[in-house]
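With the working numbering, the residue at position 56 of the sequence shown is 158, and numbering never jumps.
Hints listed in this document are in silico derivations from the structure and should not be mistaken for laboratory results. Be a bit skeptical, because a hint or two may be false.
[Claimed, not checked] As a list, the in silico SDA-like pairs of lysine to any residue whose alpha-carbon atoms are at most 25 Å apart:
1) K173 x N198
2) K109 x R168
3) K208 x V219
4) K225 x R110
5) K181 x I191
6) K155 x D119
7) K181 x V146
8) K154 x E175
9) K109 x T234
10) K181 x A243
11) K154 x R132
12) K181 x N198
13) K131 x R121
14) K131 x E175
15) K131 x F176
16) K109 x E175
17) K155 x F176
18) K173 x V145
19) K131 x R168
20) K123 x E165
21) K173 x V215
22) K131 x A243
23) K208 x K109
24) K155 x V195
25) K208 x K173
26) K154 x E139
27) K225 x K241
28) K123 x N151
29) K208 x I124
30) K154 x R172
31) K181 x V145
32) K225 x V215
33) K181 x K225
34) K173 x K241
35) K181 x L150
36) K173 x A194
37) K154 x Y178
38) K173 x V115
39) K181 x K241
40) K109 x K131
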Amino acid sequence: MMICEPKRGFRQVEITDRRTKIEFAHSMKRIVELYPEATAIRVVLDNLNTHKKASLYEAFPAEQARELARKIEFHYTPKHGSWLNIAEIELAVLSNMCLSQRIANKERLRREVEANVTERNAKAMPVQWRFTAQDARQKLARLYPCVSG
103 MMICEPKRGF RQVEITDRRT KIEFAHSMKR IVELYPEATA IRVVLDNLNT
153 HKKASLYEAF PAEQARELAR KIEFHYTPKH GSWLNIAEIE LAVLSNMCLS
203 QRIANKERLR REVEANVTER NAKAMPVQWR FTAQDARQKL ARLYPCVSG
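Sequences are here, hints too, so could you generate the full structure?
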């Protein structure tokens with residue numbers, strides 16, 4: 103699971119055995135804990151079936167799940183638009199920088215990823231988003247309605 107705050111240049115990676123609703127819910131809880139003063143936290147997600155507020159209710163007691171759900175706003179990328187998800191871009195950078203060779207075990211993977219994330223966070227390397235609204239209108243023209251005058 104990649105957690106990324108693009109403007110601040112912060113990222114956090116969680117290595118899990120699987121991508122379950124419970125693991126997702128615990129990741130959302132960690133995000134809320136990172137920003138205790140926030141009244142609303144906007145989270146951009148892909149459309150994986152576990153990425154739902156219902157996952158919070160499967161992982162936590164109803165009152166706790168409700169409190170987490172109140173703070174988090176989910177925003178989903180288009181189904182075929184993972185390239186619009188900054189976390190996916192960060193995962194691609196991570197893959198190119200330290201996951202290009204076979205890694206023998208989970209502990210080694212954890213060390214490699216932690217070293218990379220620590221280095222990038224220390225440099226506070228923000229994501230420079232360059233895809234403008236005009237770019238979107240051109241690239242995604244087929245998705246925009248045609249208005250005839």
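Given pair status - A194, K173, alpha carbons within 25 Å
Between K173 and A194 the Cα gap is close to 28 Å, so the pair fails against 25 Å, i.e. violated.
Taking 25 Å as the top limit, are the C-alpha atoms of K131 and F176 close enough?
Holds: K131 and F176 sit about 14 Å apart, inside 25 Å.
For K173 and V115, compute the direct alpha-carbon distance and say whether it is at most 25 Å.
holds, 21 Å
Run the distance test for K181 versus V145: straight-line Cα separation, threshold 25 Å.
holds, 16 Å
Please work out if K131 and E175 have their alpha carbons no farther apart than 25 Å.
holds, 13 Å
Pair hint outcome, K173 versus K241 [Cα-Cα no greater than 25 Å]:
Violated, at roughly 33 Å.
Can the restraint linking K208 and K109 be considered satisfied, given a maximum Cα separation of 25 Å?
violated, 30 Å
For a C-alpha distance cap of 25 Å, please report whether K181 and A243 respect it.
Since the Cα atoms of K181 and A243 sit roughly 16 Å apart, the hinted pair holds (cutoff 25 Å).
25 Å Cα cutoff - pair K109, T234:
holds, 16 Å
Given the hinted pair K154 and R172, is their alpha-carbon gap at most 25 Å?
holds, 13 Å
Proposed proximity, K241 with K225 (alpha carbon, max 25 Å):
The hint is violated at about 32 Å.
Are K181 and K241 close enough, with their CA atoms no more than 25 Å apart?
Status holds; Cα separation ~15 Å.
Comparing the model with each earlier hint shows violations of hints 1, 2, 21, 22, 23, 24, 25, 27, 33, 34, 36; every other hint is respected.
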